[in-house]
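**Q** Okay, here's what each chain looks like letter by letter:
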Amino acid sequence: EVELVESGGGLEQPGRSLRLSCRASGFTFGDYGMSWIRQAPGKGLEWVGFISTTADGATTEYAASAKGRFTISREDSKNIAYLQMNSLKTEDTAVYYCSRVRLVGGDWYYFDHWGQGSLVTVSA
Amino acid sequence: DIQMTQSPSSLSASVGDRVTITCRASESISSSLNWYQQKVGKAPKLLIFAASNFQRGVPSRISGSGSGTDFTLTISSLQPDDFATYYCQQSYRTPWTFGQGTKVEIK
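Sequence order for the protein chains is A and B.
So that you can map any letter, position 30 of the first sequence is 465 in the numbering used here, and since no number is skipped, the others follow by simple counting.
So that you can map any letter, position 64 of the second sequence is 79 in the numbering used here, and since no number is skipped, the others follow by simple counting.
Hints may contain errors.
With a straight-line Cα cutoff of 30 Å, these simulated DSSO-like cross-link-like pairs (lysine-lysine) come out [stated by the list, open to error]: (1) A:524 / B:60; (2) B:118 / A:513; (3) A:524 / B:118.
It should be emphasised that the hints constitute simulated quantities derived from the structure, not laboratory data.
Since the model is a prediction, treat every value here as computed from it, not as a measurement.
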């Protein structure tokens, strides 16, 4: 059974850094891209970024709100994806979900499995 | 960026009702449209990918259709388990973007 478990969230001050981890099990982690998606309290879903498989270069893509401050990486030997968040802002307060990205037919990407989420609160 | 607009933002319906949620993209996205269901306090769950393909385990009363800019999620006979918020999401081009959500409530 596919399982994704996020950790590392908590309360942090504006301007500080935080690293989230997403531990995967139940599938061959290295065969899949991974994404981070966040949800501010009472709001909708916002895609944060994506990392491709290592075989595809572990290339990354980011939302404008994350570019330059957030970095996604992966450690296939440990089945973990990371979200490094620097220069945190109060508007980064959200539940952060990691998800497995499925690619079908060479064209269609979708988030087929999600973790339970990790709450990040940025406040002085 | 591709903007995704859902309508309505919320709706009230009774068990057994037919429910339709619409999602419109700001430009053509072919069939690169996915639907997710989210219940309060839970992670989203994939329902439909590539506009009309069922994720394994999703009940057959839930279906998706559309291509280009206009898409629809239909629940043919609303069940108690279907009361939730639904999101569309385009994966045609990054940044991948979500609609604002449609909350389906009990009438």
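**Q** Of the hints stated earlier, which fail here?
**A** As far as the earlier hints go, only 2 is violated by this structure.
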